[in-house]
Amino acid sequence: MAATLGVTITPGPGRQTGTATKDTNAYKKRNTFMKKALLFAVIIAVLVTAGAWVRLYADKGPVVAYSHPGDANSWFKAFSTELETEAGERGYQYRVANAQGKIGQQIADVENIVADKPEFLILGPITPDGSAAALDIAKEAGVPVIVVNRDIDGVAGEDYITKIYSDFDWIGEKLAELTHDAFPAGTKIRIVELHGTQGSANTIGLSRGFRKKMEEYNKTEIRMEIVVSQPGNFNKEIAMKAMEKILQSKVEFDAVFCHFDDEALGAIRAMQDKGIKLGDNPANGEIIVVGNGGTNDGLKAIKDGTYYKIVSVTPYYADAVFDAIESYKKNEKLPDYIRVGDIVIDKSNVDEQMSTAF
Amino acid sequence: MDRNVNTPINTSTGWLKSIAWAEILGNYGAQLVFLTLIAACALSTPKFFSLGTLEITLLDVFPVMLVALGMTLVISSGGIDISVGAIMAISGAVTVALYTSGVGWVLSMGCGIGAAALCGLFNGVLISIFRIQPIIVTLVVMIAGRGLARRIQVDPTTSLKSTPFDTLGLYRIAGKVPVQIVIMLAVIAVMLFVVKKTVFAKNTEAIGDNPRAARLVGVNTLTTTVGVYVVCGVLCAIAGIMTIARIAQLNAVTLGGFIELDAIAAVAIGGTPFSGGRARILGTITGAIIVILVGVIVGLNKMPDDYAKVFKALIIVIAMWAQRRK
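Residue numbers (the numbering used here), protein chains in the order written: chain H, 1 to 358; chain R, 1 to 326.
Since the hints were made in silico from the structure, they are not lab data. In this text the structure is predicted, and so the values were computed from the model without any measurement. Each hint can be trusted.
Quick list of simulated restraints, FRET-style, between CB atoms:
no., chain 1, residue 1, chain 2, residue 2, range
1, R, G104, H, D351, 26 to 34 Å
2, H, R208, R, T163, 36 to 44 Å
3, H, K117, R, T163, 45 to 53 Å
4, H, N296, R, V199, 50 to 58 Å
5, H, R208, R, K302, 17 to 25 Å
6, H, L47, R, T223, 35 to 43 Å
7, R, D306, H, K219, 29 to 37 Å
8, R, V103, H, K219, 54 to 62 Å
9, R, G52, H, L47, 57 to 65 Å
10, H, N296, R, V106, 22 to 30 Å
11, R, K309, H, G275, 29 to 37 Å
Each residue gets a CB set at the ideal place from its N, CA and C atoms; glycine is no exception.
Assemble the whole structure, with the sequences as input and the hints as a guide.
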């Protein structure tokens, strides 16, 4: 083994076995001391945390708890911040548990939440089928549930009170319509789709809506066609890399349809790096980029003309959530689904919409 | 136990037999897999041989390459570092937090790299002084580091549009070569020099081979181990900062996500033994390119990314088989 390293071990004069043993003993002593110190520090930390936690839960007042699916983006930040503010204004205590995108974690979160018997559970499902188990847990514990953010498998009025979120099918259809209308009649529209995380309710809804509308337009004459569909996972980096590869594969396209602003921005950056013209006029060879969103950066891109049009997905519906809670308490009949109103954002209204950007 | 691969070959039994095929396969397995892959790509992908493809591949390979080079050093010391992705996120978050609070961009980057070096220092100290298993120490940093990065960032995503980072990320030297590729070549050159020529690398390999023997012949195991993890941390920082510059956005949750797996796969394909004692930089370079190339090919053929994962696994198995030692 020593030969491998090209060194030969010969006992040197400075290294005697006696000193080595002594060194080891001193090392062991120091090691035990450090171990004790570490253990002590850990115990202190646990006690302090537990104390703070107990204090937190000692507050009085009706509790609403939000099971956060855990997507780390500016949309969810805006949504949960507003939910918390609204809860405070209406005299509720607000609790939140973040599932970090893991269904198992969300089920565990909901188990913990219902153990504290909150007045309401606001559930942001991760996937329609996976998170449905959380509904059963809440039902068994007798905690009423309001579903927000996305769709879930279950029966309204039985498994949950109502569902409140944007209509992604409608958004998808609207985006197809915007794409279609950007091109002069009779021209072919070849579309690149950068879709969201596979299996998520928004990805499913947006794809379905867009394709449905596209087929309607294609009934008389085939004009719209999705030439490539790649995952962008709602993420700028992944979308940028995907677009770089699409550009390198020399696919010809006229429009880009993105499931979220961050994907559109990544695609725009990749195209700008290659000197491709972006804008609103396909006749000049400009690529049309449409997407679902409403982020700060998305609106800025609309302003500078690289991003054609956005259909918003507003995070500001905490008032609708609490309105539903209060109607339920008054035994009023609620619809199975409450649709959140979304709008088209383009150059004409981007300045006034800037304040709603998230 | 004899791991010596440089045993002279018996040349007296005819030239054909004198070519030790197992030896070649063992030493150049990664390169052989690489050539096979290139051939497969050329057949499957139209317009594969182009500067554009090369550029995309090298840009994609950049973060994995840097991290894998650091990882090679760590693995040759008998350790492993799974905190690399989290360290990337920390360095990115520190850089952006300082920049947005008004510090100059160069100084911010310096501090980001410094923060990563501190993480490396923490890893190294815990491993060499407290004798905790490297996988445990770096697992702790992986978990805590990601959380810390998220706390530092505060906002879920931070835009770097119209900042010096924005310009840096898309900067092309002489208007042609992306800056990332130049940095990558420079890092490769430095690492080749370090591993081939310096005592530091020899000490690292000695520790990986037999830590007790290394200590007995007078290798300072503390400074060497700490040094290895600090180098790895710094390389992660460069990868992290250049990645956020490239996309002009910081997302501490996804920055460097799962990069440890790609980096470890690159090292494995490159033939660095996981038992330590040997750093094969050229192998890692090939390994990193292979790992990324698979994804590029799948992307260029407009196939869903899921296939890339399966192909990657297949290639790891083939590379490990080619390099198996009897």
